[in-house]
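K.L.:
Sequence:
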Amino acid sequence: MASLKDMYQCQVHNCGYVYDPDKGEPKTSTPPGTAFKDLPDDWACPFCQASKKSFRPLAGPGSVAEEEG
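Residue numbers for the sequence shown follow this note's numbering, so the first one is 744 and each next one is one higher.
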């Protein structure tokens with residue numbers, strides 16, 4: 744199980760989808776409690792199929808919020 748510091752939300756710019764580790768993602772059979780860093784390398788957005796590398800954290804260094812601030 745991931746530590747709390749690893750349980751951050753990530754957003755993909757293409758479609759705006761936010762991966763929430765507390766909820767997981769039923770469309771990709773990802774169970775709740777799965778940290779973004781623990782998703783498989785070939786995991787993709789369930790809506791626009793953007794790669795895992797296209798996602799950015801919503802808070803902290805390199806995050807979407809840091810860019811907007």
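Hints are supplied without guarantee of correctness; some may be wrong.
[Said to hold, decoys possible] Cut-off 27 Å, straight-line C-alpha distance, at most; resulting in silico cross-link-like pairs (BS3-like, lysine-lysine): (1) Lys780 <-> Lys766; (2) Lys770 <-> Lys796; (3) Lys795 <-> Lys780; (4) Lys796 <-> Lys766; (5) Lys780 <-> Lys770; (6) Lys795 <-> Lys766.
Simulated from the structure, these hints should not be mistaken for laboratory data. All figures in this text were calculated on a predicted structure; none of them were measured in a lab.
K.L.:
Go through the numbered hints given earlier and state which of them the structure violates, listing their numbers in rising order.
P.N.:
No numbers; nothing is violated.
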